[in-house]
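Novice: From first to last, the protein sequence lines stand for chains A and B.
Sequence positions in the first sequence follow the numbering used here and run 1 to 299.
Sequence positions in the second sequence follow the numbering used here and run 1 to 207.
If you are wondering where the hints come from, they were derived from the structure by calculation, not from laboratory data.
Every residue, glycine too, gets a C-beta built ideally from N, C-alpha and C.
One should not assume that every hint holds.
Stated by the list, open to error - With a straight-line cut-off of 25 Å between C-alpha atoms, the simulated SDA-like cross-links for lysine to any residue are: (1) 201(B) <-> 102(A); (2) 167(B) <-> 178(A); (3) 254(A) <-> 141(B); (4) 258(A) <-> 168(B); (5) 216(A) <-> 180(B); (6) 201(B) <-> 111(A); (7) 213(A) <-> 112(B); (8) 169(B) <-> 168(A); (9) 203(B) <-> 258(A); (10) 17(A) <-> 92(B); (11) 186(B) <-> 295(A); (12) 203(B) <-> 193(A); (13) 213(A) <-> 147(B); (14) 216(A) <-> 160(B); (15) 167(B) <-> 107(A); (16) 144(A) <-> 295(A); (17) 178(A) <-> 86(B); (18) 178(A) <-> 90(B); (19) 213(A) <-> 159(B); (20) 203(B) <-> 32(A); (21) 18(B) <-> 5(B); (22) 96(A) <-> 50(B); (23) 17(A) <-> 5(B); (24) 121(A) <-> 186(B); (25) 216(A) <-> 186(B); (26) 216(A) <-> 158(B); (27) 32(A) <-> 169(B); (28) 148(A) <-> 258(A); (29) 253(A) <-> 146(B); (30) 112(B) <-> 32(A); (31) 167(B) <-> 102(A); (32) 216(A) <-> 38(B); (33) 32(A) <-> 211(A); (34) 169(B) <-> 39(A); (35) 169(B) <-> 185(A); (36) 292(A) <-> 169(B).
To be verified - Label pairs and their in silico Cβ distance ranges: (37) 102(A) <-> 34(B): 39 to 49 Å; (38) 35(B) <-> 139(A): 40 to 50 Å; (39) 13(B) <-> 97(A): 52 to 62 Å; (40) 151(A) <-> 48(B): 23 to 33 Å.
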Amino acid sequence: MAKKEYAFYPGCSSQLKASASNYLTSVNSMCKTLDVKLTEIPDWNCCGASIGYAEGGELPRVAINARNFALAETHLPGQDIVATCAACWLGARESKERLDNNSVLMRDTNEALAAAGLHYKAEVNIRHMVEVLIEDFGFDELKKPVKKSLEGVKFAGYVGCQTNRPFGIDGESFENPKYLDKLVETLGGEAVDSYDQKVTCCGGALAFSEPEKSQKQIRDIVESAYDHGAEMIVTPCPLCQANVEVYQSEINKKQGTKFNMPVLYYSQLMAVAYGGSMKDAGLDGQLIRAEKLNAITQK
Amino acid sequence: MSDHNNQAVARYRNDFLKEVEEHVEEGEWVKMCMQCGVCAGSCPLGAHWEHTPQKLFMMIRAGKREEVLRSDAMWMCTSCYNCVVRCPRHLPITHIMHGLASYAHRLGLAPKNQPTREFAKIFWDNLVNKGRVNELKLTLALYFKDGLVQGIKNALAMQSIGLGMVKAKRLNPMEIFGGHGLRDLKGFQAIVAKAREIEDKKKGYTN
């Protein structure tokens with residue numbers, strides 16, 4: 001039996017050949033090392049993300065999240081739901097908070113769920129993978145399986161918004177959360193603690209609808225990483241990862257910059273440090289190659 | 001939707017604050033704003049807001065219904081939650097902005113061709129269609145929202161990024177033929193429809 005088991009909520013972007021599919025690859029590799037068993041919530045659906053607000057309204061958004069909770073309670077009783085995507089975690093946690101504190105919303109939601117023969121009992125907990133790592137393992141435990149130190153690589157820990165606000169990780173501040181830096185150091189890497197765009201918004205969904213305004217945000221995030229001597233950016237959020245990596249070439253084209261900064265997930269760093277191959281760590285999914293990490297996997 | 005707008009105008013007359021409290025998600029918090037302006041100073045897109053959140057709150061209390069609901073401002077919200085965690089009175093500002101935008105959208109008063117309004121609708125329709133987001137169709141729907149010619153231009157401009165994503169196995173051209181979806185799609189859509197029905201009834205959107 002695995003050391004720890006969770007009801008897994010991977011989210012749309014983590015699916016096969018979706019924008020964060022390499023995040024899932026690296027999470028699977030990391031969990032194998034840590035002896036964590038992730039069982040997907042059967043037939044899980046989209047959380048609605050934040051941008052779902054305009055057309056979705058409140059109750060439909062809450063109800064689709066409650067569908068996932070009901071499925072987890074039925075099929076994986078007693079297991080915490082663990083999300084890897086910041087938006088999934090936030091959407092689910094926000095929905096649960098509202099449901100558990102509002103009996104009218106609870107009744108309406110269960111009336112909607114009944115249309116598919118489901119019922120939410122308010123038993124399940126919603127957690128982010130980072131919470132699992134920090135709270136259920138802790139940095140000392142996470143250090144034990146390290147086979148290849150990330151020594152000599154400088155990382156800017158870019159936490160972004162939705163893994164940080166409004167809930168965040170217990171015991172961390174909103175303005176200067178430290179856990180990513182601690183994780184980098186746990187793996188033997190160097191955390192650039194002067195990085196000042198740690199919690200800056202990448203534009204989120206507005207990267208699609210307001211590209212110029214968002215690209216200004218992204219430029220600040222990347223530029224500051226260069227200014228403070230970072231070689232790579234590391235993040236816990238799939239939208240941060242995609243926005244900050246993918247639009248660098250656009251910004252170069254429009255503004256004459258020469259950005260070429262790899263942007264990775266914390267789980268990719270862990271998979272590499274735990275001895276995984278390039279493929280295990282999803283490094284073949286980078287648009288901007290993380291050569292220094294590729295080299296460590298070859299050691 | 002203009003019928004709903006006329007009904008709301010007739011019902012609330014000059015009491016726009018009350019209308020917001022009863023119809024806008026988290027609207028009952030608006031009266032708590034003390035006009036400190038920390039939200040405006042904390043917003044990553046602050047420079048682009050026609051009216052900052054604290055201004056919108058004051059405008060609501062002053063009964064400036066048309067200006068608020070027709071404003072482009074709340075559509076600038078990136079859902080970063082900076083304002084929420086910094087507000088000294090803990091107003092859920094992000095949600096109030098979402099609520100105002102959504103209400104203006106439902107009443108048909110939100111600015112036409114507002115890009116985030118359009119994207120938000122595309123996004124929701126996309127996810128309800130299959131129960132999960134189809135990233136390829138989402139992107140294409142956005143590129144082609146202003147017609148075929150503009151769509152081809154947009155797609156060509158982003159071609160190298162798209163091909164890079166395909167090469168990295170993070171975008172699947174075959175998703176155009178369907179892609180990931182739910183086994184119990186019918187059940188999922190029934191939940192969405194029922195939830196919408198209950199909410200519409202409560203908010204008086206049904207005629």
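Novice: Determine for every hint whether it applies to the structure shown.
Specialist: For each hint, the structure was consulted:
1. Straight-line distance between C-alpha atoms of residue 201(B) and residue 102(A) comes to about 19 Å, which keeps the hinted pair within the 25 Å bound.
2. Taken as a hint, the residue 167(B) and residue 178(A) pair is broken in the structure, with Cα atoms around 34 Å apart against an allowance of 25 Å.
3. About 24 Å separates the Cα atoms of residue 254(A) and residue 141(B), which keeps this hinted pair within 25 Å; it holds.
4. At roughly 21 Å between alpha-carbon atoms, residue 258(A) and residue 168(B) fall within 25 Å of each other, so this suggested pair holds.
5. Taking the CA atoms of residue 216(A) and residue 180(B), the gap is about 33 Å. The hint is violated against a cut of 25 Å.
6. Straight-line distance between C-alpha atoms of residue 201(B) and residue 111(A) comes to about 14 Å, which keeps the hinted pair within the 25 Å bound.
7. Restraint check for residue 213(A) and residue 112(B): the C-alpha separation of about 19 Å stays at or below 25 Å, so the hint holds.
8. Simply put, residue 169(B) and residue 168(A) have alpha-carbon atoms about 31 Å apart, too far for the 25 Å limit, and the pair is violated.
9. For the hint pairing residue 203(B) with residue 258(A), the CA-to-CA distance comes to about 52 Å; that exceeds 25 Å, so the pair is violated.
10. At most 25 Å may separate the alpha-carbon atoms for a hinted pair to count; residue 17(A) and residue 92(B) exceed this at roughly 36 Å.
11. Under the criterion of a C-alpha separation no larger than 25 Å, the hint pairing residue 186(B) with residue 295(A) is inconsistent with the structure, at around 48 Å.
12. A threshold of 25 Å between alpha carbons decides the hint, and for residue 203(B) with residue 193(A) the separation of about 49 Å lies outside it, so the pair is violated.
13. Straight-line distance between C-alpha atoms of residue 213(A) and residue 147(B) comes to about 23 Å, which keeps the hinted pair within the 25 Å bound.
14. A C-alpha spacing of about 20 Å is found between residue 216(A) and residue 160(B), which places the hinted pair at or below 25 Å, so the restraint holds.
15. At most 25 Å may separate the alpha-carbon atoms for a hinted pair to count; residue 167(B) and residue 107(A) exceed this at roughly 47 Å.
16. For the given pair, residue 144(A) sits about 22 Å from residue 295(A) by alpha-carbon distance, which is consistent with the 25 Å threshold.
17. Between residue 178(A) and residue 86(B), the direct Cα distance comes to roughly 19 Å. Compliance with the 25 Å bound is thereby established for this hinted pair.
18. Pair hint residue 178(A) plus residue 90(B) holds up; C-alpha atoms about 24 Å apart against a cutoff of 25 Å.
19. Distance restraint check for residue 213(A) and residue 159(B): the Cα-Cα separation of roughly 21 Å lies within the 25 Å cut-off, and the hinted pair is therefore satisfied.
20. A hinted pair counts as satisfied when its Cα atoms are at most 25 Å apart, and residue 203(B) with residue 32(A) does not qualify at roughly 49 Å.
21. Under the criterion of a C-alpha separation no larger than 25 Å, the hint pairing residue 18(B) with residue 5(B) is consistent with the structure, at around 15 Å.
22. Distance hint between residue 96(A) and residue 50(B) is unfulfilled; the C-alpha atoms sit about 33 Å from each other, more than 25 Å.
23. Taking the CA atoms of residue 17(A) and residue 5(B), the gap is near 44 Å; set against the 25 Å cutoff, the hint is violated.
24. A hinted pair counts as satisfied when its Cα atoms are at most 25 Å apart, and residue 121(A) with residue 186(B) qualifies at roughly 22 Å.
25. Of the pairs offered as hints, the one joining residue 216(A) and residue 186(B) is violated, with about 42 Å between alpha carbons and a cut-off of 25 Å exceeded.
26. Taking the CA atoms of residue 216(A) and residue 158(B), the gap is near 18 Å; set against the 25 Å cutoff, the hint holds.
27. For a cut-off of 25 Å, the pair hint linking residue 32(A) to residue 169(B) stands: about 22 Å separates their Cα positions.
28. Distance hint between residue 148(A) and residue 258(A) is unfulfilled; the C-alpha atoms sit about 31 Å from each other, more than 25 Å.
29. Using a Cα cut-off of 25 Å, the hinted pair residue 253(A) and residue 146(B) holds, with the two alpha carbons roughly 24 Å apart.
30. Distance check on the hinted pair: residue 112(B) and residue 32(A) sit about 50 Å apart at the alpha-carbon level, beyond 25 Å; violated.
31. At most 25 Å may separate the alpha-carbon atoms for a hinted pair to count; residue 167(B) and residue 102(A) exceed this at roughly 47 Å.
32. A hinted pair counts as satisfied when its Cα atoms are at most 25 Å apart, and residue 216(A) with residue 38(B) qualifies at roughly 22 Å.
33. The suggested pairing of residue 32(A) with residue 211(A) is violated, with an alpha-carbon distance near 38 Å, which exceeds 25 Å.
34. A C-alpha spacing of about 23 Å is found between residue 169(B) and residue 39(A), which places the hinted pair at or below 25 Å, so the restraint holds.
35. Distance restraint check for residue 169(B) and residue 185(A): the Cα-Cα separation of roughly 30 Å exceeds the 25 Å cut-off, and the hinted pair is therefore not satisfied.
36. The straight-line distance between the Cα atoms of residue 292(A) and residue 169(B) is roughly 21 Å, inside the 25 Å bound, and the hint therefore holds.
37. A hinted range of 39 to 49 Å is violated for the C-beta pair residue 102(A) and residue 34(B), which are about 26 Å apart.
38. Between residue 35(B) and residue 139(A) the beta carbon distance is about 43 Å. The supplied range of 40 to 50 Å therefore holds.
39. Between residue 13(B) and residue 97(A) the CB atoms are about 35 Å apart, so this pair departs from the stated range of 52 to 62 Å.
40. In this structure the hint that residue 151(A) and residue 48(B) lie 23 to 33 Å apart at CB is violated, the actual value being about 43 Å.
Consistency with the previously given hints fails for numbers 2, 5, 8, 9, 10, 11, 12, 15, 20, 22, 23, 25, 28, 30, 31, 33, 35, 37, 39 and 40, ordered from lowest to highest.
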